[in-house]
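Participant: Now for the letters of each chain:
Protein chains: 6
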Amino acid sequence: MPEDAEGLAEFAYELGLLKRVRRSGWWHAGVSDPESIADHTMRAAQLAALIAAEEGADPARAAFLALWHDSQETRTGDLPHTATAYLAKPDPRQITVDQTQGLPWRSRELVRGAVDEYESRQTLEARCAKDADKLDMLLQAVEYRDAGVQRTDGWIDSARKDLYTETSRRIAEAAVNMSPLSWRDR
Amino acid sequence: MPEDAEGLAEFAYELGLLKRVRRSGWWHAGVSDPESIADHTMRAAQLAALIAAEEGADPARAAFLALWHDSQETRTGDLPHTATAYLAKPDPRQITVDQTQGLPWRSRELVRGAVDEYESRQTLEARCAKDADKLDMLLQAVEYRDAGVQRTDGWIDSARKDLYTETSRRIAEAAVNMSPLSWRDR
Amino acid sequence: MPEDAEGLAEFAYELGLLKRVRRSGWWHAGVSDPESIADHTMRAAQLAALIAAEEGADPARAAFLALWHDSQETRTGDLPHTATAYLAKPDPRQITVDQTQGLPWRSRELVRGAVDEYESRQTLEARCAKDADKLDMLLQAVEYRDAGVQRTDGWIDSARKDLYTETSRRIAEAAVNMSPLSWRDR
Amino acid sequence: MPEDAEGLAEFAYELGLLKRVRRSGWWHAGVSDPESIADHTMRAAQLAALIAAEEGADPARAAFLALWHDSQETRTGDLPHTATAYLAKPDPRQITVDQTQGLPWRSRELVRGAVDEYESRQTLEARCAKDADKLDMLLQAVEYRDAGVQRTDGWIDSARKDLYTETSRRIAEAAVNMSPLSWRDR
Amino acid sequence: MPEDAEGLAEFAYELGLLKRVRRSGWWHAGVSDPESIADHTMRAAQLAALIAAEEGADPARAAFLALWHDSQETRTGDLPHTATAYLAKPDPRQITVDQTQGLPWRSRELVRGAVDEYESRQTLEARCAKDADKLDMLLQAVEYRDAGVQRTDGWIDSARKDLYTETSRRIAEAAVNMSPLSWRDR
Amino acid sequence: MPEDAEGLAEFAYELGLLKRVRRSGWWHAGVSDPESIADHTMRAAQLAALIAAEEGADPARAAFLALWHDSQETRTGDLPHTATAYLAKPDPRQITVDQTQGLPWRSRELVRGAVDEYESRQTLEARCAKDADKLDMLLQAVEYRDAGVQRTDGWIDSARKDLYTETSRRIAEAAVNMSPLSWRDR
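Residue numbers (my numbering), protein chains in the order written: chain A, 1 to 186; chain B, 1 to 186; chain C, 1 to 186; chain D, 1 to 186; chain E, 1 to 186; chain F, 1 to 186.
Hints may be right or wrong, so weigh each one.
[What the hints assert, rightly or not] Pairs of lysine-lysine residues, derived as DSS-like cross-links and limited to a Cα-Cα distance of at most 27 Å, are as follows: (1) F:Lys161 x F:Lys89; (2) D:Lys89 x D:Lys161; (3) F:Lys89 x A:Lys89; (4) D:Lys89 x E:Lys161; (5) A:Lys89 x A:Lys161; (6) C:Lys89 x B:Lys89; (7) E:Lys161 x E:Lys89.
Keep in mind the hints are simulated off the structure, nothing from the lab.
Extracted from the complex, chain A is given alone in its bound form:
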């Protein structure tokens, strides 16, 4: 089992890259030093759980799916929206298979299963996780707008489109009409 531990450590080091890789869309919006993939992933996972709780889905499962939803970006980076015209979106499942090759089988199946379920968008938990991905972007756009960034409308609008759940739509509605600092005033 020492080899298993090495495989786990190696994978964890690869995941550490997500702390350094920046979300490329924000550069387009004019932010010079934007959040990391990890920053985005944490709140997306938290939001997935909250949405799932309200929607009657399994909160821990929804959060878990969100936790791996961008983990493939260690290998490809965060492809900006404008890239789609020039390259075929890489297959997250294939990358995950390669990333998890050195893991002991329980861990391996765990991560692959999460990516599969998320990408298939069949379960309510996967849809909560996908909504959370978009909602975090919306909230972050409002936060950047509040920090001075002028042209966040495109990000806010695209985040609001095609949300799966009613809860997400309501959070989106509330979020755009509210100060990110309101929690401090209670």
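We have chain A; now place chains B, C, D, E and F onto it with these hints.
Facilitator: Same frame as chain A, but now just chains B, C, D, E and F:
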């Protein structure tokens, strides 16, 4: 229910602060622009799941506990180790109660339950999450060492002490003897 | 005396941490990479001297008090306003006693005396230094507002409250109604 | 007196620039995001006081001189060492005269007097302040070396040369042979 | 020829400093972490080529002149506008002579010739390069304005003055009336 | 022609993105805040000219080709080496065609011609530019190594492979055996 959505959005904005707050221990170690709480939380949650999978615990639950383990730091910041001599560690449960006051009850109970379970350290999942908190610190210390930081020994040593699970001890052992870049050579 | 020199060097290295620790309130305001404690301390000390000069107090003494007013934050970090509900404010004098333990007695008494006088707020110099602490925050809030940060009002308002000296009140009044760049136009 | 307040606010805004301007020498040493002038100034002022205390000089005065020693760099930036071959060092007194033009006379004389005394290097306090300027550079060089920067020798060596006071020479000696983290081990 | 190679490598390392040195004017405008000299130089060179193409000048030559127009700042830093009152602008040709001393003669003459031609402003290519220097500043000012910076007017106005070419004047006119993100909407 | 000016401004704004996009390979190497594409491009263009001068090629043309060699990354980002297993490298010529669509024909042909020539690698100038791309990476790797980054060997080794020109091979040889600060000692 619009008020519920507002409560959820407000809480999510508060959590966004974890993307900006830095992990204060690394300033002590000499790092000038260290990782955020969110950066740390993401990998801790991922590690919690992997450890739990190997230990026969519930991976999604372990990850879920890790996801909230530092969420109280929106209100107190990340208190450095040296602060313990001068102030009583604030009670995470109390802060969580306040943070979740405006949430609809399902979400509220969900988050409070997670913090309670994590802080009690009674379940195997809570112990996996706690180990993951320490392991991420160890891995990050090695990563900073690899980036040039000379005095990370204290962080590495303290992370290795008092780990609950055998899996975590083995990952720690493997991690200190290995390059953070080895995954790229496969 | 070589041991004295070591004690002085050790204390100076501890103070160096103030160059890295960020002012946590600005994260709340939405600033992603805010000023350091040292940044704040320098201008607070300069302002303390200017206020003292106008108020008929000892400018060098007022500046000197301001120079140490946050020096305890090497050990506790910069506790945000929201932390006050969850922990008792640590005693600056006690921390200073510990920090200066290894200093030769003249230096030790010097620093302890400055922190005592500042915390007691009895002398005019201490009040000028306290006002300078607030004024620098006000000026910085205006500077961040000028850089795009939308919600600085809370910081500006709280800085203007309870200023001890007439000079500080007048500077505050002038500062909020003026461009931070006006000096370049002369 | 409202005009006086405006002059004071205007000067304080100009001084705020020192929080943003970086110490250019560290770019030469390979540091990509180095400390600000304000970071340097705070510890230099603190060191000046400690040196003065040990040397029997006036600590508050020495700190006060150090507080203004680079304040002219709002107008010229921090000229790197390599610039001296290509331009005549600007006169700090002249810049100070211009910077303080709009100040009420007490403040004006205060700042001009400090810069005059510092530049003349005639008083023991001025020499303590000058030594502090160099000592902070030495300590910072060791701190950057500890963070991985390989070629700090030139900065350390030049800082140790031509120190005026015995206390400074001893602190320099102690500092180069010691860990910047030793204070945490007490 | 090994010595030649060493001279070339040495010069290239010196030029690398331009990636770290920040454009000092933006600190004055309130930007806390502004672009590097290299950032500015790249787009200035690209703009010089485009302007030259439209003006019937040699695009590659114009770009080439722009490529070296700030290369002397490795030695002096980027002197802010406010410095001109206090020091004589250093002679770019003299600095270039010193920087290129260790180069083999072809390279040496090449770089010196470019700086000479640029500084003389006699050729159309030199004027296109100078216009490009200003245009990049104007575009960057608009980009910072779009990121929240309030007081960029001075930079925009000064960039528009005294442009040599009609093409540059037209680009300036178009740029101030347009969104920096419009290219994404095509 | 006002429409032409708009097309030119629009393209220039798109190019400005290269100042913000980071070189992704350095994140893999452990650098947390690496250089921009523009930083890299400037020195690559300068190096291309120097190599061309020594190789008897046209220096301005070689620099010009280097100036556009990564300009397509506004749309795709900087794809890391590990991405090649998962997606087909996008065609730079196609992206350039799209980017330059709104340009007046002289500018349009100019940029397209440069990208074509660079990608074909048929001319000596194109080969000098390609070598410069690699050499800048090698120099930057040494610079990061000097700033503490431990695992730069892979980048240095890959940069030295398959250089087209003898001059580049000699510069590479000299650069790895030399201090990036040696120019300051002359």
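Participant: For each hint, tell me whether it holds in the structure or not.
Facilitator: Structure-based check of all given hints:
A distance of roughly 21 Å separates the Cα atoms of Lys161 (chain F) and Lys89 (chain F); the hinted pair therefore holds under the 27 Å criterion. For the suggested pair Lys89 (chain D) and Lys161 (chain D), the alpha carbons sit about 21 Å apart, so the restraint of at most 27 Å is met. For the proposed pair Lys89 (chain F) and Lys89 (chain A), the alpha carbon gap of about 12 Å is at most 27 Å, so the pair holds. For the hint pairing Lys89 (chain D) with Lys161 (chain E), the CA-to-CA distance comes to about 30 Å; that exceeds 27 Å, so the pair is violated.
A C-alpha spacing of about 21 Å is found between Lys89 (chain A) and Lys161 (chain A), which places the hinted pair at or below 27 Å, so the restraint holds. With a C-alpha separation of about 12 Å, the suggested pairing of Lys89 (chain C) with Lys89 (chain B) holds against the 27 Å cut-off. A distance of roughly 21 Å separates the Cα atoms of Lys161 (chain E) and Lys89 (chain E); the hinted pair therefore holds under the 27 Å criterion.
In this structure, the one hint that does not hold is number 4.
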